[in-house]
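J.: Sequence:
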Amino acid sequence: MQAVEIKAVENKDFDIWLPLWKGYQRFYAVDIPEIVTRQTWMRFLDPVEPMHAALAMIGERAVGLVHSIYHRSGWTTGDYCYLQDLFVAADGRGRGTGRALIEHVYADAKRRGASRVYWLTHESNHDARQLYDRVADRSGFIQYRKAIA
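Numbering-wise (the numbering used here), the sequence shown opens with residue 18 and increments by one.
One or more of the hints may lead you astray.
Said to hold, decoys possible - Straight-line Cα separation of at most 16 Å, EDC-like style, residue types lysine to aspartate or glutamate; simulated pairs: (1) K29 to D63; (2) K24 to E77; (3) K39 to D102; (4) K127 to D96; (5) K29 to D102; (6) K24 to D125; (7) K24 to D96; (8) K39 to E51.
Unchecked claim - If you anchor each label on the Cβ, the simulated ranges turn out as follows: (9) G157 to S132: 17 to 27 Å; (10) V53 to T138: 19 to 29 Å; (11) Y161 to T93: 16 to 26 Å; (12) R133 to R162: 12 to 22 Å; (13) S90 to A164: 15 to 25 Å; (14) T93 to R116: 21 to 31 Å; (15) R43 to W92: 15 to 25 Å; (16) R162 to Q42: 30 to 40 Å; (17) S90 to I49: 40 to 50 Å; (18) Q42 to A166: 17 to 27 Å; (19) Q19 to Q56: 30 to 40 Å; (20) A164 to Y135: 14 to 24 Å.
It should be emphasised that the hints constitute simulated quantities derived from the structure, not laboratory data.
Predicted model, so just to flag it, every value in this text is computed and none were measured.
Just so you know, even glycine gets a beta-carbon here, dropped at the ideal spot from N, CA and C.
Let the sequences and hints guide you as you build the complete structure.
T.: What follows is the structure in structure tokens.
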């Protein structure tokens, strides 16, 4: 079995990232407009943006993605890293791909001096939660939100 390798996205990777991004949207039953997808991709490539993306590769095939965003906190001097999106395609599961993507974000956050990595998942995402319970601590906080516009 080929090993999973994690790599930061490059401009040439859009066509291998997009099917994973669409798979993630299908999983959560959302349809993000193409203009938002294009803007998000450009943010990943802009060195002054706090948004980052990486792909899990098996050979030449992209089998997973992770997106992270760095932001300030009033509780620490170091930034927080929000692991916003994590998705592994069916043919990448059961190989440690999700864990490798999370570990990539942990290493990047440490390198950047962040004091915390955190993320959300849906309560019904039982398979992913089994991994998350092994690699992080559940905070006990409940998310509230209000869409604006």
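J.: Output the indices of the hints that this structure fails to meet, ascending.
T.: 5, 7, 15, 16, 17
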